[in-house]
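Listed below are the residues making up each chain.
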Amino acid sequence: MDLTTQSTLLTWTVFTPALGLAAILALYCLRPILRLSQPAMDQAARGIGLLASIAAMGLSIALWADFDGGSSSLQFIHRFVWMKSWNIEYFVGVDGLSLSMVVLTAFVFLAGAIASLPWLGKLDDHHPHFTKKRVPGYWVLFLLLETGVLGTFAAEDFFLFYVFWEIMLLPMYFLIGIWGAPTRKDPDGRTRGGPYAAIKFFLYTLAGSVLMMLALIAIYYASGPATLADGTQAPHTFNLVHLTAQAHAGTFVGAKAILGIPFVHIVFVALFLGFAIKVPMFPFHTWLPDAHVDAPTPISVILAGILLKTGMYGMFRFNLQIFPTGLAWAAWAIGVIGVINIVYGAFVCMAQKDLKKLIAYSSVSHMGFCLLGLAAATPQAVTGSIFQMVGHGIVSPMLFLIAGVVYDRAHTREIEGFGGLAHKMPEYAAITGFAFMASLGLPGLAGFVGEILVFLGAFSAQGGIFRILVAIGALSTVITAGYYLWTMQRMFLGPFNHRWQHLWDMNWRERLALYPLAVATVVLGVWPTPVFDMVRETVNGLLAALPAGM
Amino acid sequence: MVSNLLAIGPELALTATIVLVLMADLAIGPRRARRATLLTLSVAGLAAAAAAFALLPEGPTAAFGGLVSGDGLGVFFRGLFLVAAFFGIAFGALSDEVPEGRFGEFSALLLSTTLGMCFLVQAQNLLMILLALELTSLPSYVLAGFRRGDRRSSEAALKYVIYGAAASGLMLYGFSLLYGLAGTLDLARIGPALAAKAASGSVAVRAGIALAALLSLAGFGYKVAAVPFHQWCPDVYEGAPTPVTAFLSVGPKAAGVAALIRFVVVGFGASAASVPAGGLPWPVLLGVLAMATMTLGNLAAIPQDNVKRLLAYSSIAHAGYLLMGVAVGTPDAIRAVAVYAPIYLLMNLGAFLAVLAVRARTGSESIADYRGLGGRAPLLSVCLAVFLFSLTGLPPLAGFIGKFYLFASVLNAGTPFFYVVAIVGVLNSVVSLFYYARLVKAMFLEASPEAAPAIPLPVPATALLAVLAIPTLVLGIWWSPLADLAARAAGIAG
Chain D
5 MDLTTQSTLL
15 TWTVFTPALG
25 LAAILALYCL
35 RPILRLSQPA
45 MDQAARGIGL
55 LASIAAMGLS
65 IALWADFDGG
75 SSSLQFIHRF
85 VWMKSWNIEY
95 FVGVDGLSLS
105 MVVLTAFVFL
115 AGAIASLPWL
125 GKLDDHHPHF
135 TKKRVPGYWV
145 LFLLLETGVL
155 GTFAAEDFFL
165 FYVFWEIMLL
175 PMYFLIGIWG
185 APTRKDPDGR
195 TRGGPYAAIK
205 FFLYTLAGSV
215 LMMLALIAIY
225 YASGPATLAD
235 GTQAPHTFNL
245 VHLTAQAHAG
255 TFVGAKAILG
265 IPFVHIVFVA
275 LFLGFAIKVP
285 MFPFHTWLPD
295 AHVDAPTPIS
305 VILAGILLKT
315 GMYGMFRFNL
325 QIFPTGLAWA
335 AWAIGVIGVI
345 NIVYGAFVCM
355 AQKDLKKLIA
365 YSSVSHMGFC
375 LLGLAAATPQ
385 AVTGSIFQMV
395 GHGIVSPMLF
405 LIAGVVYDRA
415 HTREIEGFGG
425 LAHKMPEYAA
435 ITGFAFMASL
445 GLPGLAGFVG
455 EILVFLGAFS
465 AQGGIFRILV
475 AIGALSTVIT
485 AGYYLWTMQR
495 MFLGPFNHRW
505 QHLWDMNWRE
515 RLALYPLAVA
525 TVVLGVWPTP
535 VFDMVRETVN
545 GLLAALPAGM
Chain Y
8 MVSNLLAIGP
18 ELALTATIVL
28 VLMADLAIGP
38 RRARRATLLT
48 LSVAGLAAAA
58 AAFALLPEGP
68 TAAFGGLVSG
78 DGLGVFFRGL
88 FLVAAFFGIA
98 FGALSDEVPE
108 GRFGEFSALL
118 LSTTLGMCFL
128 VQAQNLLMIL
138 LALELTSLPS
148 YVLAGFRRGD
158 RRSSEAALKY
168 VIYGAAASGL
178 MLYGFSLLYG
188 LAGTLDLARI
198 GPALAAKAAS
208 GSVAVRAGIA
218 LAALLSLAGF
228 GYKVAAVPFH
238 QWCPDVYEGA
248 PTPVTAFLSV
258 GPKAAGVAAL
268 IRFVVVGFGA
278 SAASVPAGGL
288 PWPVLLGVLA
298 MATMTLGNLA
308 AIPQDNVKRL
318 LAYSSIAHAG
328 YLLMGVAVGT
338 PDAIRAVAVY
348 APIYLLMNLG
358 AFLAVLAVRA
368 RTGSESIADY
378 RGLGGRAPLL
388 SVCLAVFLFS
398 LTGLPPLAGF
408 IGKFYLFASV
418 LNAGTPFFYV
428 VAIVGVLNSV
438 VSLFYYARLV
448 KAMFLEASPE
458 AAPAIPLPVP
468 ATALLAVLAI
478 PTLVLGIWWS
488 PLADLAARAA
498 GIAG
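As given, the protein sequences belong to chains D and Y, one line each in that order. Count the first sequence with the working numbering and you get residues 5 to 554, in order. Count the second sequence with the working numbering and you get residues 8 to 501, in order.
In case anyone wonders, no lab produced these hints; they're calculated from the structure. Watch out, some of these pointers could steer you wrong.
These stretches of chain D come out as covered by chain Y in the derived footprint (C-beta under 8 Å, 3 or more residues) [said to hold, decoys possible]:
| no. | stretch |
| --- | --- |
| 1 | 175-184 |
| 2 | 193-202 |
| 3 | 217-224 |
| 4 | 237-249 |
| 5 | 399-408 |
For each label pair, taking beta carbons as the anchor points, the in silico distance ranges come out as [unchecked claim]:
| no. | chain 1 | residue 1 | chain 2 | residue 2 | range |
| --- | --- | --- | --- | --- | --- |
| 6 | Y | Leu306 | D | Lys357 | 34 to 40 Å |
| 7 | D | Leu127 | Y | Arg109 | 54 to 60 Å |
| 8 | D | Gly125 | Y | Trp485 | 43 to 49 Å |
| 9 | D | Leu550 | Y | Trp485 | 36 to 42 Å |
| 10 | D | Ala548 | Y | Val389 | 44 to 50 Å |
| 11 | Y | Pro467 | D | Arg35 | 21 to 27 Å |
| 12 | Y | Ala375 | D | Asn511 | 54 to 60 Å |
| 13 | D | Val526 | Y | Val389 | 51 to 57 Å |
| 14 | Y | Val295 | D | Gly258 | 28 to 34 Å |
| 15 | D | Arg39 | Y | Trp485 | 33 to 39 Å |
| 16 | Y | Arg109 | D | Ala44 | 46 to 52 Å |
| 17 | D | Ser89 | Y | Ala375 | 41 to 47 Å |
Being a predicted model, the structure only gives us computed values, none of them experimental. Glycine is no exception: its CB is placed at the ideal position from the N, C-alpha and C atoms.
Okay, chain Y solo, but in the shape it has when bound:
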């Protein structure tokens, strides 16, 4: 029992933090250092959760009768989510979009989402996956609508809820079919059961498996914002407060990708290197989804004039790149996803931090208001340019290393289909340069409008910017530690 509890130590720490934050929120009352106190408490809770990793049982031991898996993939992504939560909360503390009086509420909701994400990546059981997904989603609906008076924020929340409800409904239906076909909820046993069923079964059984798999995919597709489940994404990203958008664009997305890896690779045993159980062509299915996602994301980003919308479409495109790795599904590819995810977190959060800083001063998210920013806020602009070019995937920035790992794994799959995927993928990087460079062009190549305000950077924002920008630069030329961690995460399929 103790080892079971230790296995979810970080989650227990998070839960305790949520409760403490809520209680402290009530207890402190309208005192002056409210935000600082709650921030300290939340960050201390995250640190405690991180420290709890040291107490995890040795080796990949499943806990709670196989409900959660203790494997490297889960550990890696749980660590990543704590980092994402830290930045989400820190951004919230910096932003005027989260009023001081409601910071406790914000922090508790964000930590609850994180808790859901942590359970999602280690869930080995269909029911557990569904519950964790709901735990991730419900607080994030509230977060999206956090600015109650703002119509766009409310619209975003409503859209998010409706899409989310539909997606989890579809997923639940898919899971129930899977349960009916396989007779088990345990992911590790579903694969063999389905394989046996498909081998002896009729066309109807095969069709049932395919239907179940596709319906289940809807839930994951919604979380990662993959085509055709992406429509909520631009509106929610635009309408939600910037810290929430920043968090949603990295946390739940990475959680969805990691859970999808577990579902497809562990559950169905699918990878480009092996024939998946149940005869479903997962690699091709996901590969097509990846190509559609990145192409739509990149093309739709081009005409955007709102920076948050632009970054929303860019994040759809990046979901496409990540899905490419999931589609390949080899240990190589999972390692590539595990390298890409933290790098994506750094550069995307960095870009949103810049958006947040500009918004705090100008109240605008329009690209037109970024004109001449290079002169008004040199450090901020240079950092934003670094993040944007890193998102494009240019060496010697970290984004290139992430893309290099991904494309290497795709090419190494060695099938004609994946050669096509790789070519579509690199051409997409070229397209993405165009819209990232639009922002850079506005900042550096265009003159400031008259009376454009200077953008002073408060010290905490500068510090956060450095914390995000320095690894984006360093990981581009020295990424051994990250590669080692990622290789351990990929241990599951290898």
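For reference, chain D alone in the conformation it holds in the complex:
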């Protein structure tokens, strides 16, 4: 396999946000010399942040335009030796799976960037708004997060992947903690709010990633010799392409068991847990409602739209690609937990009083489909799972933006407290209805395609258990429809609650963030082919290595 450097376009895409970050920092340091006032500095930071997000979007589209969907091998490879002493390479490249996530990342971050601006629309001046708080810091962290996420999807060296994976943690901690909801006491007297949610998120994900670090080291020492980018031989490797080839040739089957558990199984589990916390998989999902609810709107958008996908992406890239036998071993368990995610998430949504919390739990439910698709491991199911990642990656940002719209005006998200809002905010009611329909899987919209493919694919999977799982999962769509329609009814229909006389309808900032997502939802709902074309060969390549009988 040819792994020589082909282009630096992907590196540019990954580090464009970092360039924006550097520009903001440089400007901040030169502020006294340039005599920038604080408002001017804030506006400059916003401008640079927005520009960097737009540039990353442009570059990711350029990648897509040049991408050859007919090949399952890596493209846009950029590779050189980074740290000789550990045979670590800087190695980035994309296949269909990575590219779909890179484009989605740039798209969602752009929507998040627009939602982070106090421009083009009235803001309630009586309440401090997060878009006006420590602005340069916000954008520095925002752009660092974008580089971390893009790098995670682009990295093809395990060590590099791990570094990018961990880079995502710090900015997220601060973005939730500083710009999120202030600390408050909940009705039971427990401390909640941004700082609590931030550290909970941090601890959960770090617990997962330290296990991943152990797996990383164990895999490295069990790996065989490989050729580095500079042509020298190395006794071990972090190179994912080499690791995959070695794994399929049986290198890890003979590796020494750890604590009495076969090597492949224990490494599979350690990696899987690290990713499962991020997905989040039941029972590791409890950080999610706190983090999503108490994060500021754009950060909830990014959390739901992209951060959850990094977990699924890891499962595809590592658990499926490198350890297909491990996946075959654990498939039924993953399938069962996936369906628990779907059903449990849906029922919990039913009980929510807070709109944002409802949307947060709906993510738990929807990510269950991705898990089920991965477990079934048929071409249809895996394609469906990836499509569900894209679909949820477009729809859930819409939902969080919608929750933000009403919260910015009413400063509450209590579903019961609204009523008849459609009279006052017709456009908002319409887009909310649209997003709810997309999320509950209405045919013709993006949410439907992934779900139906997962169900079809899983139904045809080996092992009778998947038919039962599909049956249970399919029933849950009724519950999903139930909670969305019920919420719709309580918020927008019925007599108008005159408490909300002062609310106003959508403004241009919100439209600019929401409508591109809505358009994408419709386009991918009726014409999902672009995504299928992108991932088809990649999925076939991933599944080719599965043991027979899966």
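We have chain D already, so just place chain Y on it with the hints.
For chain Y alone, kept in the frame of chain D given last:
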């Protein structure tokens, strides 16, 4: 003879500096530029000591009939101690806890401790180890009680002396038993002698070897503040002047770890890869000690409200991580310890420098007074956050690289016991995040109290902060030079 003297060139330079500093201290009298003069003199002395490394004899040649070893481990750590001493003295010059009139005294004591540490890491002989340990300890007792009028400082010194005396007493007893059993004080010959003794000896002999080893361990355990010899640590760190605390948390700790490596790996030939002499299960013993140390350190750090106490427990936890490497004892693991120690020095000194700067303005070490620091002292707060997250071990910061080396060596040991050690170790990192993040949370996520003062940073402090923070960032993505140096240090067992 000349080559013998050249072998301890850095130590001779240090000794000369100590004498010069003391004499200059007397000669200058109460003149205005007293601190600056003495600081210049001390730093010049350290530079001379560093330059003396160039004159070291080629290759690992033992000097003075095998009393000191000239191997890579010693050279590496001696260099590290000079760096630690530089920062200790520089911190002392910045801090108001060291009055100008007593700066010479402070500097001389700190350099004496450094001299002891330098001898400790290269000592190849039991007696030499004991003497070097005492030379390290005695000045540091005085340093801990440097603020004579302060009750906490005096209490710290007293506690330090009592624990220190007990620990060196135990160690001395252990050494005497070892001498009796092996018939030699030379570390290089103790291993084979004990092995022969154990092979032919009775149960009583084996028990004697075990007792001797455990008693000897007390001295090292005390220096590195390992459980169960750690109790002095929080009180001393809290009570001692901040520059002294900063120095004690990195210098003597690293010296203890390096000396322990020599004692266990060279003396007993113990590593996870080979059966140690005398049949003592060193790897398991030290591994259990490491797990206990890091777990206790991390758990006890969680409820602390005083930053220096918090960092004291954190330093206990880090001693645990380092001991993990000592327990494995392979060249890999020694390299990992040698990578970790300088990185730990950077980030821990950095954290203490921030504590020092905040204390200088607010007079407080309480976490509550760090609230809103991010707004009042942005550069200082960002740097402190970098140091704290590096201590947690998050990429792309240097602390991650250190931890990566350590955990890689532990996993590479390949025994079920060390798999457990690795898992306990990484879970400990997660726990440690919680208390480091408490400080970060106070700085950035909480609002300043009313009338909280701004914290201006003097230029020298900013420069020192940069000197510590930049490598903490750079070593996280480019650590080849450090890895090469560390590999040379690990040459002893490989």
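Status of each hint after checking the structure:
no.	hint	in the structure
1	175-184	holds (count 4)
2	193-202	holds (count 3)
3	217-224	holds (count 5)
4	237-249	violated (count 0)
5	399-408	violated (count 0)
6	Leu306/Y with Lys357/D: 34 to 40 Å	37 Å, holds
7	Leu127/D with Arg109/Y: 54 to 60 Å	58 Å, holds
8	Gly125/D with Trp485/Y: 43 to 49 Å	45 Å, holds
9	Leu550/D with Trp485/Y: 36 to 42 Å	39 Å, holds
10	Ala548/D with Val389/Y: 44 to 50 Å	48 Å, holds
11	Pro467/Y with Arg35/D: 21 to 27 Å	23 Å, holds
12	Ala375/Y with Asn511/D: 54 to 60 Å	41 Å, violated
13	Val526/D with Val389/Y: 51 to 57 Å	44 Å, violated
14	Val295/Y with Gly258/D: 28 to 34 Å	31 Å, holds
15	Arg39/D with Trp485/Y: 33 to 39 Å	36 Å, holds
16	Arg109/Y with Ala44/D: 46 to 52 Å	49 Å, holds
17	Ser89/D with Ala375/Y: 41 to 47 Å	44 Å, holds
Going through the hint list in order, the structure does not satisfy hints 4, 5, 12 and 13.
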